[in-house]
Amino acid sequence: MNKKINKIKFIQMHKGWENPVKAISFLAVFAILLSITSQFVIPKSNETLKQYSAAGFYGEPKDSIDYVVLGDSNTAEGISPLEAWKAYGYTGYVCGEPYQTICGVYHLLKEVLSCQSPKLVVFETDMFFAKNGMEEVNNAISNQISSVFPVERYHNHWKHLAYKDFISKTDYSWKHTTKGYKLQMDTTPFTYDKYMEETDQTAIINTTSIFYFNKLISLCKKNDISIFLLGVPCATSWDYAKHNAVSSLCAKKGLVFLDLNTEVKNSTFSFDWNTDSRDGGNHLNYYGAKKVSQYLADYFKQNYQLPDHRNDKSFSGWNEDLKTYEAEIAG
Amino acid sequence: MAYTSYVYLLLFLSITFLAYNLVPNKIKWLILLLASYLFYCISSENLVIYIVISTLSIYFSGLFIQKFNDKFENAKKYLSKEDRKLLKAKIARYKKIAIAFALIINFGLLLNLKYCNFFAETANSIIHCFNSSFSIPWRNIVLPLGISFYTLQATSYIIDVYRGKYKADRNLGRIALFLCFFPQIVEGPIGRYDQLADQLYEGHSFNYENFTFGIQLIFWGLFKKIVIADRVNTLVNTVFDNYVNYRGMTIIVSVLLYTLQIYAEFSGCMDIVTGSSQIFGIHLSKNFKRPFFANSINDFWRRWNITLGTWLRDYIFYPISLSKAFMKLSKNVKKHLNVHFGKLIPATFALLFVWLGNGFWHGASWKYISYGMYYYVLMILGMFCEPLFSTILSALHIKRKFKWYHIFQIVRTFIIVNIGMLIFRADDLIVAAKMLISTFSGFTFATLANGSLLTLGIDKLDMQVIMFGALVIFIVGLLQEKGYSLRQTIASKNIVLRWCVYFTAIFFVIILGAYGVGYSPADFIYAQF
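These protein sequences, in sequence, are chains A and B.
At position 65 of the first sequence (counting the first as 1) the number is 64 in numbering that gives the first Met the number 0, and the numbers step up by one without a gap.
At position 318 of the second sequence (counting the first as 1) the number is 317 in numbering that gives the first Met the number 0, and the numbers step up by one without a gap.
Accuracy of the hints is not assured; some may be wrong.
[Claimed, not checked] 20 Å max Cα-Cα, derived EDC-like pairs, lysine to aspartate or glutamate:
#, chain 1, residue 1, chain 2, residue 2
1, B, Lys113, B, Asp426
2, B, Lys492, A, Glu17
3, A, Lys168, A, Glu262
4, A, Lys158, B, Asp461
5, A, Lys158, B, Asp458
In short, the hints are calculated from the structure, not lab data.
Since the structure is predicted, the reported quantities are computational estimates derived from the model, not experimental observations.
Throw the hints in and build the complete structure from the sequences for me.
Here it is, written out as structure tokens:
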């Protein structure tokens, strides 16, 4: 009888613990399965790891990049690091992805720092306004999850899975000739309807972006990296209210902000919307990107002490890439 | 805040669930109320004022009506029959004023915000017919979240109090929570006070079965929405936005896929919100009951958006069809003309208002009114021709209980519903007619095999996922139709088998979900109503 009562008591005790134990075990198995599936779907080459060629920095020799430009498609199509190389021998990489956000850039910079030690990081400012508040929180959670379980970001790769994806290891040695720059030769002019009309209004930078921007500043400080904010000319999505917002933020943080849109508007930067945009004022073509990159290279020369690697044999690959780049432009 | 977003699932719902289970039962409803208003403010910001006005209007009107009901109940014992009649008439007047106030406020806000531009456009069209240059300007209005849903909930409450179905609630918090409960505010289901308010107000302790079944339901909804509906979205948009470029089988496939999309999306959303409520121990009304197994359009509407259908039945159909005037008319027609027609007269008129209401509720556009009228005409034809159909069936020796006849009815209903969906999705009635006509031109089954469908924004693998998803929904529906409870059956299996099923389902959503890079999330269609 006593045995029976003890058995019932044991079952009751066991029942009390059963559900929490089951729930924890379920989550643990879930996490393991997420990790395993992540390994399968994550791209095995850095060529397809990010959109455009934003992950090409993995393929550059370790600690060989002097500056990194982080931003969205305006960055990828608006800045050509090989122009700065040609002018001053600076090594840079453009990590531009479409619809990039500050939160996305934070995670991307951490990846960059895993293999490179840039002295300067340039943030393109359009991404401060990429998403509204709630979308940005959602995006932040998504980025956080995918940094732990990459299956969240790469789940769509199931369509291209092959047998080798299950057995081969990752190989991140792919190099991008134009160092993240997306060469565009088309021209569609932008007609000056409304562009950088002065206003006292200030656009709103959402709290999540501010939060991640502060984290970015801390990350750069920790790694002794100078920060510089850049507004690449963009007539369709950038305006003066956004300029005011970023200016105010930079003033508060004591950071440098160079908005080339105001330079274009004030004609202090030789830029022509008739010839320098590929799609009517949204993105730049090669001619626009060349001007921006040269302007930027001069700005680096004046304000930052970046080394000239042109005579360094270990950087000879850059000259090869420059030749390829110029040949591609020449058509 | 979309129900499929991380913000909702991982932050909002999780934190609310934790808070709900950490506080004593007595004040759990406060957590739900705070969360619901937070949800509303995040989504609609200062437009929250409109739901507050609706809440206060039905709360005070309800109390006012209740006060007179109580007054009459207390006084009637001491009054003579005549005095009682007089008092009743007097009180009825006051009650009418109170309910009119609440209905005018609630429907007034809905009409003003949702339909003012439609009325202005219609008025402008009429004015322009008289060559007048005057036109009512277009107003740029952002609709408060869920106004079409909570307005129906609010009015159902006040009408039921007026009818004496239940007493008015003296607790403002309970009324507020009933109207703005966050899982059902965006797309319904349209709750009834007597089924929902107490459930929301009484605290529910954590229940493992409710929790696990709720989570399972959420994943089932995510499967429908993210894996199927969002994947179909690209193809449907491509064809409907450029319908002149397509014909024949392409149009048919796009209409079928739109039907699949709207079902997967709307019922998927209902699964997510029902699951979200279930983890709190709250059971929402069913809004779907396998509508594509319906054997008539009446049956379809008893299975599709059920809570809207029952609202229209209880607050439009019955009051009109059972009104004294129509009962009298029915009696006269039965006596002097035809018994069958006499029976149908009240329903014919009542259904006109039901379907006008249904179409109009869906949107401020003639397209939606046409959508309602499409079903109205079919239903009336069905009702009036019923004796003819019976005669034909009997002449052909076809019995309605034949299995093949039942299947024929399901297929017929499915075709009718798809034509309805074409009207619903097309830009307007003319476009719908053109698309319908174009299905007959250039029709060939070769379209299904020659790869032309794969040029519409989705590839072969996407199409296979869609087909597989549709098959899964069909099989699950078929099992449920046969009374088989899949969740209970899975729950009764051993842990290994059970977890295998759960993980397969979860990873189906994670891996095959049309989200992230390369996909843009599609808004919930019914959230726009």
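Against the structure, the hints:
At most 20 Å may separate the alpha-carbon atoms for a hinted pair to count; B:Lys113 and B:Asp426 meet this at roughly 18 Å. Proposed proximity of B:Lys492 and A:Glu17 is supported: the alpha carbons are some 16 Å apart, at most 20 Å. Our distance criterion of 20 Å between C-alpha atoms is broken by A:Lys168 and A:Glu262, whose separation comes to about 47 Å. Of the pairs offered as hints, the one joining A:Lys158 and B:Asp461 holds, with about 9 Å between alpha carbons and a cut-off of 20 Å not exceeded.
Restraint check: the Cα-Cα separation between A:Lys158 and B:Asp458 comes to about 10 Å, which is no more than 20 Å; the hinted pair holds.
When each numbered hint is compared with the structure, a violation occurs for hint 3 only.
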